[in-house]
Amino acid sequence: MAAVVEGMEFSYFPGCSLATSAKENNRSLFKVCQKLGVNLVELEDWNCCGSSSTHSINSELAFHFACRNLSLAPAGRPLLVACPSCMLRLRQAQLHLQEDAEARRVYERMWGRPVDSNLTIIHFFELLDNGFGAGSNPDFQASLKGLRFAPYYGCMLTRPPAMRHEKQYHGLMEKILGSFGAEPLVWGHPSRCCGTFLSVAKPAVVTPMVNQIIQGAVDVKADCIITACAMCHLNLEIRCSLKTQLPIFHFSEILSVALGMGIRKSWLKRHLVDPLPLLKAKGFLEKTAAG
Amino acid sequence: MESTDTIRIEASSGPAHRDVISKVVERSGTDIRRCFHCQSCGGGCPVSQAMTYRPNGVIRLLQLGRVQEALQSSDIWFCIGCNTCSMACPQAIDIAAFMDVMRQIALEEGVPPAEPDILAFHREVVGSIHKYGRTHKLEIMMRYKLRQLDMFSDLDLGLKMLAKRKLDLLPSKIADQRVMKRIFEVCGGANHGGGR
Ligand code: SF4
Ligand code: SF4
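If you're matching them up, the sequences are chains Y and Z in order. The working numbering numbers the first residue of the first sequence as 2 and each following residue consecutively. The working numbering numbers the first residue of the second sequence as 231 and each following residue consecutively.
Bound conformation, chain Z alone (with noise of 0.2 Å):
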């Protein structure tokens, strides 16, 4: 892990970069500029131990202007969005909804993601909100493995919770067809979410 004590400030973080901040300010609603690193959210965030610069670390890459790397770490992407560490800021920011924004942005922008399974997982179950209007769960998970061209890894599990009826064959389906179609459209098609 690197420490965020010794984290490298950009030469160039000139007005481009306070573009950046107040971009992700305005869409995620929360003052990234409040934080003072005292590190109280990556305590109990329970993924800090799978991320980089953890949650006020990848702060800190914004404020020094080092917007790419925030962008590419894999911070962004493990982040579960539990709420933890808002409830632990003591400047109430609201740094889940900062990491929603910062994946989106990375989707926009078309910086690859750090963790490909995750964006192919979230993408899996958008998509089938997308034809049902309710997640399928087991279509979810064949898809995905699929995608990830494993179908070995959990197979056991997978069997073991069909046994117990954990995962309906069936799609659980809304009856008005057309509003998901509706809804995809006006947020700009059904590539779930900015980028490719």
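Chain Y on its own, in the form it takes in the complex (with noise of 0.2 Å):
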């Protein structure tokens, strides 16, 4: 297992969910890289992509947001994103830099240096499928069994028509978990948005979008929904009002039970809809590690 991915190391930018609110997200998604034998090093002195709020508002800003990001990139290794949404806007600002040459010239003034036209940004999903793209898994084969989940993507198979054409991750979540053992549901919201900042300033909006998604989940008699961006498991933990709430996974947390690490018991105190009962009706629980 893992052998295409294995020793190979990454820039690592987590974003400001994933640094502070998300953290369970952020230390399973190190615990996994680290059992693939990948090494993750932290952008030194990243700073916030700008989040959906800076583009709505300022374009020019937020592409200096994600241009100082991407100076700070060392030559020679990959930059790793884990947020769908950072992810979308430091491509966005890398394609822009290749293809508008007074982009360019705004950068190196900026930033002192010339665009690093080799630098290459992956998603944490590319990863995987490169780690698991054999498939099979046999020393974990049914480290999930039992696991009825709804995969849920959220916004990040929705692109810019500029980015049409890049890697789409459909798929993947049910492929990885699926070949330990899980199964994944076919259902009508896995790429329904989660209604992002609206969950501040119009809570009444974000209410029944979060509702109709959730009971989406529990119609196919889910477990649970395993989501791929911390703003999306925010959202469905905290805007559900529905009587039936599902337990929210992030996908490398589950990820880290498939691998045999189990879920550290300070990253489910950190779940807003307590997923335990959940792993003890399933005997994941002991392989629930303290700390």
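For the record, the hints were derived by calculation from the structure and aren't laboratory data. The structure displayed is predicted, hence computed values, not measured ones. Virtual Cβ for every residue (Gly too), placed ideally from N, Cα, C. Some hints here could point you the wrong way.
List of simulated lysine to any residue pairs, SDA-like, C-alpha gap at most 25 Å [to be verified]:
1. K253(Z) - L96(Y)
2. K203(Y) - K253(Z)
3. K244(Y) - L392(Z)
4. K24(Y) - S402(Z)
Cβ pair distances, simulated, as ranges [said to hold, decoys possible]:
5. E109(Y) - K403(Z): 38 to 46 Å
6. E415(Z) - K266(Y): 27 to 35 Å
7. S383(Z) - K266(Y): 30 to 38 Å
8. D261(Z) - E109(Y): 53 to 61 Å
9. Q35(Y) - S304(Z): 44 to 52 Å
10. V187(Y) - D398(Z): 33 to 41 Å
11. G38(Y) - S304(Z): 47 to 55 Å
12. Q213(Y) - L379(Z): 25 to 33 Å
13. L376(Z) - E103(Y): 36 to 44 Å
A short list of chain Y residues far from chain Z (calculated; beta carbon distances all over 12 Å) [unchecked claim]:
14. M9
15. E25
16. G51
17. Q95
18. Q142
19. G147
20. L186
21. L199
Work from the hints to combine the two standalone chains into their complex.
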């Protein structure tokens, strides 16, 4: 397993969500990478990618925020990003730099170095696709047996037209977790938007959106929803007003269970919808590590 | 919701109107003139229920010269830039980029935002990045709530998130203290996005 990525080293851009509100996502991701033999070096002094708000009101600011991060990436090492939204911001800036000579001049003036045209930005899912590409994981074949999950990608799968031909990861959660014995469900909302920042300014608009997603998963008798994005994870946890709430896991957390490293108590404690009863019922709790 | 089929055509759609369209096309890098109103965009838009015109309706307003109505609409503020519409659009129009530019023009021209709460939130986020180089969610929420004079809605949720350590008390900051100042200066100061 993992022969393809073993020994690889990446610069790592966590982004604000993984660094703060979704630390459990960050920590489990590090664990998984460790297990795969991949070394992550956090991008030194990275700044916020700008989030949804910056490009909403000032495109120029958003461009500089993304560029500063790109300028910090040391040569010769690919840059790994786990947040789909940060990924989009950084990739969009990079594409703009590739296409626009004036943008490159601005970059050089601001950051005092030429644009690194060899820098590759890759998403955590791509790393996993390479790591688990073969599909068979004999060591851990049935580690997730009995888990019925609704894979939730949110807007990770949607892109602006300029990025239409970039790699897509639809089906990756199903493929990987399925190879560990979990049962992926076909449902109606794998790429429905979670509402993002409107969750703060317009909760009344977001609650029905989130309810629809959770209800969709309940309807196909899912045990839980597994998310690709920390922002989605938060919204699904805080804005659901249904009686039945489902535990929501970060993909990296479940992968940690799948790989036999369990799920840490300190990660579970940070969940607003308690996943413990489910983990207990499925017999995954023995694998729950303290700390 | 206003039906887009019966939209009124502005009598005075002269050169000024064409200027606005060219400006929008140039800044957004996407040509909204290609839109033929199949409405595939609105079909998947997660917030179309909250909109007045829906995404293609805003484009239609522009095509018809009713620029002010488009700039004054709630729609441009409700759009969360999820790109669902772009994936559906047969004309490959980057609707999210178009919405970005519409908001920015509205701010630059001093058009009062139809959804001031949403703008207030954006300003808090950008302000936090200005200050720390990263977003400090607790402070963003507190300042936003104070600004709205609304400390009590979501109080339970806030406390729960604090207890679950979802909201850090202290900000995560970048070490280079000057760099944000420099970026904001290059972008015309700290007023976070035109207007006001
Ligand atoms: S999907 Fe594209 S062409 Fe169709 S109405 Fe929307 S913007 Fe216009
Ligand atoms: S990008 Fe905006 S207009 Fe398009 S689907 Fe998302 S919210 Fe709707």
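Comparing the hints with the structure gives:
no., hint, verdict
1, K253(Z) - L96(Y), "holds, 22 Å"
2, K203(Y) - K253(Z), "violated, 30 Å"
3, K244(Y) - L392(Z), "holds, 23 Å"
4, K24(Y) - S402(Z), "holds, 12 Å"
5, E109(Y) - K403(Z): 38 to 46 Å, "violated, 27 Å"
6, E415(Z) - K266(Y): 27 to 35 Å, "violated, 46 Å"
7, S383(Z) - K266(Y): 30 to 38 Å, "holds, 32 Å"
8, D261(Z) - E109(Y): 53 to 61 Å, "violated, 30 Å"
9, Q35(Y) - S304(Z): 44 to 52 Å, "holds, 47 Å"
10, V187(Y) - D398(Z): 33 to 41 Å, "holds, 38 Å"
11, G38(Y) - S304(Z): 47 to 55 Å, "holds, 51 Å"
12, Q213(Y) - L379(Z): 25 to 33 Å, "holds, 31 Å"
13, L376(Z) - E103(Y): 36 to 44 Å, "holds, 41 Å"
14, M9, "holds, 27 Å"
15, E25, "violated, 10 Å"
16, G51, "violated, 7 Å"
17, Q95, "holds, 15 Å"
18, Q142, "holds, 34 Å"
19, G147, "holds, 27 Å"
20, L186, "holds, 21 Å"
21, L199, "violated, 6 Å"
Of the hints listed earlier, those the structure fails to meet are numbers 2, 5, 6, 8, 15, 16 and 21, in rising order.
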